[in-house]
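So the sequences go chain by chain: B and W.
Under the working numbering, the letters of the first sequence match residues 1 to 114, in that order.
Under the working numbering, the letters of the second sequence match residues 1001 to 1111, in that order.
Be a bit skeptical, because a hint or two may be false.
Stated by the list, open to error - DSS-like, lysine-lysine: derived pairs with alpha carbons at most 25 Å apart:
#1 Lys1098(W) x Lys65(B)
#2 Lys7(B) x Lys1070(W)
#3 Lys1098(W) x Lys1051(W)
#4 Lys7(B) x Lys1108(W)
#5 Lys1108(W) x Lys1051(W)
#6 Lys1070(W) x Lys1098(W)
#7 Lys1036(W) x Lys1070(W)
#8 Lys1070(W) x Lys1051(W)
#9 Lys1108(W) x Lys1036(W)
Unchecked claim - Which stretches of chain B does chain W cover? Using the computed rule of at least three CB atoms under 8 Å from a CB of chain W, they are:
#10 42-54
#11 71-78
#12 86-98
If you're looking for bench data, these hints aren't it; they were derived computationally from the structure.
Idealized CB from N, CA, C, for every residue including glycine.
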Amino acid sequence: SAVISQKPSRDICQRGTSLTIQCQVDSQVTMMFWYRQQPGQSLTLIATANQGSEATYESGFVIDKFPISRPNLTFSTLTVSNMSPEDSSIYLCSVEALSNLMAFFGQGTRLTVV
Amino acid sequence: GQQLNQSPQSMFIQEGEDVSMNCTSSSIFNTWLWYKQDPGEGPVLLIALYKAGELTSNGRLTAQFGITRKDSFLNISASIPSDVGIYFCAGATSGTYKYIFGTGTRLKVLA
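Build the full structure now, drawing on both the sequences and the hints.
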């Protein structure tokens, strides 16, 4: 399995500001995803991070709020823009191997908006 | 968004007991994954299932891909305190690499 590192691991942010979360993988991967896990809840897919092109967003998530970059096959960023307390969640980066469809996760970024 | 229903939602068991949990959907899935999440950590992949009826083990854990392809089951034998955590199932349909996650089963083990 790939080693997935997320930064920061946690942050406390003021409402109205933006936070960029980084995801670094130790090997090249085709599929990268960003998930949100609200307090006490399950995981919800935000978007698929596409290398060299715009991310593909799931229903209920938009690029203006969650811009995503993926400049290469080992790195992606998710920005949470104009934050409000409702954005307080754990944000998780995931990578998937096409060979076996196994999806692996980073340790997550715990965001608190005050 | 769509979610898979897991049951039970939570359970307390005695150390040494066996545990069973399941995951059901109204949709057919081609791949099932089972994860464990500890507090403050990302989910850790436990088992992957690819065919209807498939039974796969990982140590004390055994998971099955339901024959209807709309459900999956996870069993933990002889539970130990470190089994405490939240267990999630995740399913993907044919032609997509995107997983839908279950609502989770919170397991607490009493020593």
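Structure-based check of each hint:
For the hint pairing Lys1098(W) with Lys65(B), the CA-to-CA distance comes to about 21 Å; that is within 25 Å, so the pair holds. With a C-alpha separation of about 36 Å, the suggested pairing of Lys7(B) with Lys1070(W) is violated against the 25 Å cut-off. Restraint check: the Cα-Cα separation between Lys1098(W) and Lys1051(W) comes to about 17 Å, which is no more than 25 Å; the hinted pair holds. Proximity of Lys7(B) to Lys1108(W) is assessed by CA-CA distance (about 30 Å); at most 25 Å being required, the pair is judged violated.
Simply put, Lys1108(W) and Lys1051(W) have alpha-carbon atoms about 30 Å apart, too far for the 25 Å limit, and the pair is violated. Restraint check for Lys1070(W) and Lys1098(W): the C-alpha separation of about 16 Å stays at or below 25 Å, so the hint holds. For the given pair, Lys1036(W) sits about 21 Å from Lys1070(W) by alpha-carbon distance, which is consistent with the 25 Å threshold. Under the criterion of a C-alpha separation no larger than 25 Å, the hint pairing Lys1070(W) with Lys1051(W) is consistent with the structure, at around 12 Å.
In summary, the hint linking Lys1108(W) to Lys1036(W) is supported, as the alpha carbons are separated by about 13 Å, within the 25 Å threshold. For the region 42-54 of chain B, the stated coverage by chain W holds: 5 residues have a C-beta nearer than 8 Å to a C-beta of that chain, and at least 3 were required. Note: the region 71-78 of chain B has 0 residues with beta-carbon separation from chain W under 8 Å; the three-residue rule is not met and the coverage is violated. Given a C-beta distance limit of less than 8 Å, the hint that chain W covers the region 86-98 of chain B holds, as 3 residues qualify and 3 suffice.
Taken one by one, the earlier hints fail for this structure at numbers 2, 4, 5 and 11, listed in ascending order.
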